[in-house]
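Asker: Using the sequences and the accompanying hints, generate a full structural model.
Now for the letters of each chain:
2 protein chains.
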Amino acid sequence: MANELPGMTLKAIGVVRSEIKQPSMPDGKDVVSDIVVDVNLTEALDNLDEFSHIIVLYWMHQRAATGQPPTKVRPMGKQKLPLVGVFATRSPDRPNPVGKATVRLLQRQGNTLKVKGLDAIDGTPVIDIKPYLPGYDSVTDAKVPQWVTKR
Amino acid sequence: MANELPGMTLKAIGVVRSEIKQPSMPDGKDVVSDIVVDVNLTEALDNLDEFSHIIVLYWMHQRAATGQPPTKVRPMGKQKLPLVGVFATRSPDRPNPVGKATVRLLQRQGNTLKVKGLDAIDGTPVIDIKPYLPGYDSVTDAKVPQWVTKR
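Chains as they are written, first to last, in the numbering used here: chain A, 1 to 151; chain B, 1 to 151.
Honestly, the hints are just simulated from the structure, not real lab data.
Because the structure is a prediction, the values reported are computed rather than measured.
Any given hint might turn out to be false.
Covered, in the sense of this in silico footprint (three residues per stretch, anywhere, with C-beta under 8 Å from a C-beta of chain A), are these stretches of chain B [said to hold, decoys possible]:
#1 42 to 52
#2 81 to 92
#3 126 to 140
Positions of the beta carbon are idealized from the N, C-alpha and C atoms, including for glycine.
Answerer: Quick look at the structure:
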């Protein structure tokens with residue numbers, strides 16, 4: 001089936017520069033980081049700063065090397081939480097280690113974006129940047145199971 | 001810089017089955033589609049149906065073959081809109097043709113997810129599925145430029 005399709009290879013379009021040097025639980029709501037974009041793509045960032053928030057897709061490279069990912073994990077590594085399917089979590093140990101964060105865009109200067117709330121470690125390859133579109137990207141009536149809010 | 005990192009290769013974890021056969025403008029809020037996940041990953045879907053909404057990352061394969069993407073595009077192909085940086089749009093003609101949709105999960109049956117609102121064409125490779133987390137994935141005070149809402 002789908003796996004017979006030709007390879008899908010990503011190019012890094014930039015890199016995260018952050019004070020976060022080690023993977024940690026998603027908790028980085030106040031962290032300010034830079035995204036340094038490939039200088040050849042500087043023009044592709046034009047108009048992005050007309051948006052207050054952006055979506056960043058990135059490659060969780062430290063997890064990408066650990067071999068076959070598990071199909072079940074404990075959310076946020078918490079032993080008291082039930083073992084659940086990995087697609088029901090945001091665990092980086094997933095078949096394609098692509099992370100997705102919605103962050104506030106503080107400033108764009110040339111090929112550098114200053115953002116707030118990006119929970120990706122220093123050196124993380126960035127694969128895409130998209131504008132956050134209220135309505136398209138947000139849901140007003142979303143429901144989550146109880147174990148998500150149990151901390 | 002980032003481009004010197006080793007190749008980042010995606011595996012399709014599933015495929016979209018939809019009545020949408022041709023790329024179109026994002027307009028598919030009411031379309032019901034199936035995501036047929038690799039049968040070896042069936043267990044990884046456990047617990048996903050405890051969430052009302054999911055995030056789907058997919059490979060816009062029809063655009064992936066068209067060579068060097070432009071750095072500037074007209075949003076939604078509309079000639080009356082200004083030429084803007086491609087990262088300020090959701091155009092599929094981007095350096096890495098990865099699409100992101102937030103959709104309602106109607107049903108999970110084995111390795112098949114029935115979803116509402118996925119604007120991806122039939123045969124689209126799916127690369128990741130994540131639970132939608134209000135607060136983490138949503139923004140209450142997001143601002144967008146006027147050209148986004150001008151239709």
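Asker: Please name the hints from earlier in the document that this structure breaks, with their numbers sorted from lowest to highest.
Answerer: Nothing - there is no hint that the structure violates, so all of them hold.
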